[in-house]
Amino acid sequence: MTLKELRSGERGTITGFVEEHAPVRLLEMGLLPGTVVEVLRLAPLGDPMDLRVRGYRLSIRKAEAALINVERQGP
Amino acid sequence: MAQSSGQAPLPRRIVLAGNPNVGKTTVFNYLTGLKQRVANYPGVTVERKSGRLVGAPQVEVIDLPGTYSLAPKSMDEQIAFDMLVGRIEQVPDVVVCVVDATNLERNLFLVTQVMDLGLPLIVALNMVDAAEQAGMTIDVQLLSKALGVPVIPTVARRGDGLDELRAQVRCPPPVAEGWRWPLMPVVEARLPALAAALEVEDFTDLQRRMESLRSLTEEAALERWTDAPRFVAAVRQAQEFLKGRNVPYRYAEVAGRYQWIKPIVHQATKAHRPSDAPSFTDRVDAVVTHRVLGPIIFVALLALVFQAVFSWAVPAMDLIEEGIGRLGSTVRALLPSGWAVDLLADGVITGVGNVVVFLPQILLLFFFLGLMEDTGYMARTAFIMDKVMKRVGLNGRSVLPLLSSYACAIPGIMAARTLDSERDRLITIMVAPLMSCSARLPVYTLFIAAFIPSGKLFGFADYQGLAMFSMYLMGTVMAVIAAWFLRRFVFKGSEGYFVMELPPYRRPRLRQVLLRMVQRSQIFAVRAGKIIFTCSVVLWFLASFPKPGPTEVNTSGVAAGPAADSVYAAQTAEIHSSFIGLLGRALEPVMAPLGFDWKMSAGIVTAFAAREVIISTLGIIYSVSEEADESNIALRDQLKADTYPDGRPVFTPLVAVSLLVFFVFALQCMSTLAIARRETGTWLWPAVMWLYMTALAYLFSLIIYQGGRLLGFA
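One line per chain: the protein sequences are Y and V, in this order. If you count by this note's numbering, then the first sequence holds residues 1 to 75, one letter each, in order. If you count by this note's numbering, then the second sequence holds residues 76 to 789, one letter each, in order.
I should point out that these hints are in silico values taken from the structure, not numbers from a laboratory. Where is the CB? At the ideal position from N, CA and C, for every residue including glycine.
Pairs of lysine-lysine residues, derived as DSS-like cross-links and limited to a Cα-Cα distance of at most 27 Å, are as follows:
1. V/LYS567 <-> Y/LYS62
2. V/LYS462 <-> Y/LYS62
3. V/LYS337 <-> V/LYS220
4. Y/LYS62 <-> Y/LYS4
Cβ-to-Cβ under 10 Å is the rule here; a few derived chain V residues that face chain Y:
5. VAL329
6. GLY471
7. TYR572
8. GLU576
9. LEU577
Chain Y on its own, in the form it takes in the complex (with noise of 0.2 Å):
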C-alpha cells in the first residue's frame, strides 16, 4: 500500500517508492526506506497531509504520498 491511503492517527514503514524517480525534496525531507510515517491528519479540503516524521511535522500533498510504499504498523 501506499502513504495515501493511510488514515489519519494510522503509521506506516516507508520499504520504498512507486516510481524509480521519487522527488528528491522527499528524501531531503527524511522520508527514507525504514522511516516509520503517522498521518496526523488531512487539510480541512481532504488533500495535503498532515505527517510526523523523525520528530517533526511535514505536510505533503495526497499526489506525493502515493509515490511512497508503505507497510501500515500496528497501533
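Given chain Y, put chain V in place with the hints provided.
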C-alpha cells in the same frame, strides 16, 4: 572549546546557514548588532543580507536564505549553494550552521552537506530550551565529538550562548578532514572512476567526489554537465551497472547521510518523557487546521487584518496629510514666490506626500503578515489553502506572496522565491500585481469619495465601503482566473509538488516582526522617494511649460472681482497648451471610448510610472494656474465641478467607475516591471505581464463605460 588566542588572523567572511525557521536571523542580528545592510549579490541581483561583526568591523557576516538542502531546487537554495561554494563572491572563511535542537535529525542533514564542502564549520545548537521543554536533553560534548565540529548550545531569543558563538567565530576551528558518512559499498566503488572522468581542473578531490555522486543520483545534476560528454557517459554506465544489480542508488546519498546522523542523534539525546504526548502545537493545530474551524479562523483572521489596516491606519494618515499640507503652506510662506516655490510645493511636497500618506497602511499590513509568519501560522494558511490554490494552478505557498501583494507587489514577487517549482513561482509572479496594492488606494479613495454616494445599503453596508471592497474583489478574482489560464495554456505540464514543514507555534518576537516590517516597507518608501519624487518634478515641468502665448495670459491680467469665469478659462488655457496638455489631447481619441477626457488621459499615461502619480497629475493640472488663489479647494471638489465646453460634467459616476476598473487591472508601476525582470531574468515575462494586464484594463473599462451608456447611465 577553543579560546581566542589573539594572534590568529580574523576571518574575513562568516556565513550563516541553516533550515528555515531555526532562529538564524536572530543569531545574525546578535552577531551584527542589528546594523545590517540589505543589498544585492553581485551578478545575480538577488537580495543579500549582510552586516559587520560586533567588535570586529572588518569581519563581514552574511545571512543565507534558509534551506533544507544544498542540492538546489528553489532559487533560495541555489543562492545558498552558490554562496557556499564561492560561485558568487569568495568562499567564506567560516560557516555557522544554526540548527534546531528540537528537530535535530533533519537539521543535521544540511550540516552533513556543509561539512562536505571542506570549510571551517561551527554548529549553533539553537532552541535548547524548547528541546528541554519537549522532554529532551542533548549532550553537547558528545554531539560535538561525534560530528567532529564545535557545537555551541544557544537560546537565540534570550541571547544565551551567543557571546560564546561570537568568540568562537573569531577563531575558526580547523577543517575536519575527510568524508564521514557511509555510502553503500557498491555505490562507493563506482565513484573513483567517475571522479576521474570529470574534467574540471579547479575542483578539489572532495568536490569531484561530491559532484560525481550527485550526478549519479540526481538527473537534474547530471543534465548540467552537457559540456562534459565523457563524464556523462561514465555516469550513465555506472547507473546501468547499479540498475542491473537492483541497487537503489538514487537515494544512496540521502540515505547515507541519515544513516550516519540517526545513531549520533540517538546517542546525544536523552529523552526523559515519551515524545508521543500531544504538544502545545498539536493541540493548537487540532483547532486551527480543523476541517470546519480551520477555514473559518483563516477567513476571520484575514477580515480582521484588513479591517485593522483600513480603520486603525486612519488617524495616522490624517496626521500625515495634515503635516504635508502644513509643510506646503509653510514653504510658500517662507520662500519668495516664483517657479521654484511652485515646484517645491505643488510638485515635490504634494507628489511625495500623496504617497507617504499610505505608509501607515503598508506598515500595518506588513506587521500582521510578519506576525503570521513569526508564530508559524503562515505555514498553516498554505496547508489549508493548498487544494484550492492547486485547482487554480497555484500552490499553497503562493498564499504569502499574494497576501503581501495587497501591500505592494514588489515584496510579494520576491516572496515567491520560496516556491520549489519554477512554474509555480512564475505563475505567482505573473498574477501578483493583480492584487490591489496600496498604490491603488489613493486612486480608489479619491474617486470613490467623490463619486460614489455615501449612504447605506440595507441600513448597514456603506456604499463607499462596498465599492472599495469590490475593487479588491475584482483584482483577486482576476488573479485567480489569470493563474488558471496561465497554468492551462502557458505553463503547461505537471504541477510542482508541495512538501512543506509545519513548524511548531512560537511566541512572536515583537522586535523581529517590527524589524521585518520596516525592512519590507523600506522598498515602498524608497520608491516613494525616488520614482514619485522624480515624476512629480518632471510632471510639474510638463504641466507648467510651455507657457501660453501673450494673448492668452492677457485675460488673467484683467481678472479682478467678479470675472472668475475668465480666470478659470485662462487657467485651462494654460494647462491646455502645456506639454502635458498636448500629450493628453493626443491620447484623447484612444481614451474617449472609456469615457476619459484629455486630463484623465494625461493622468493615466503618467500613472504608468506609478499609479498614484495620477493624483499628482490631476492635482497639478487643476492647481497649476491657481497660484493667485490661496483658497485651495480639495481636488475632489474640483473634479466634480469640471465640465466640458458644452456644460456636461467631465466626471460622472460612470466615468469614475470606468477609471476605477482601469486602475484595478492595469499594470502601472515601473518598479513592479523592474522587479519582475530581476526575478525572472528576462524582459519577456514583465512584457507579457504588462500587455495582458493593460489589455484587461482597457477591455473592462470599455465594456463598463459603453455598456453603462447603453443601459442609460450618464
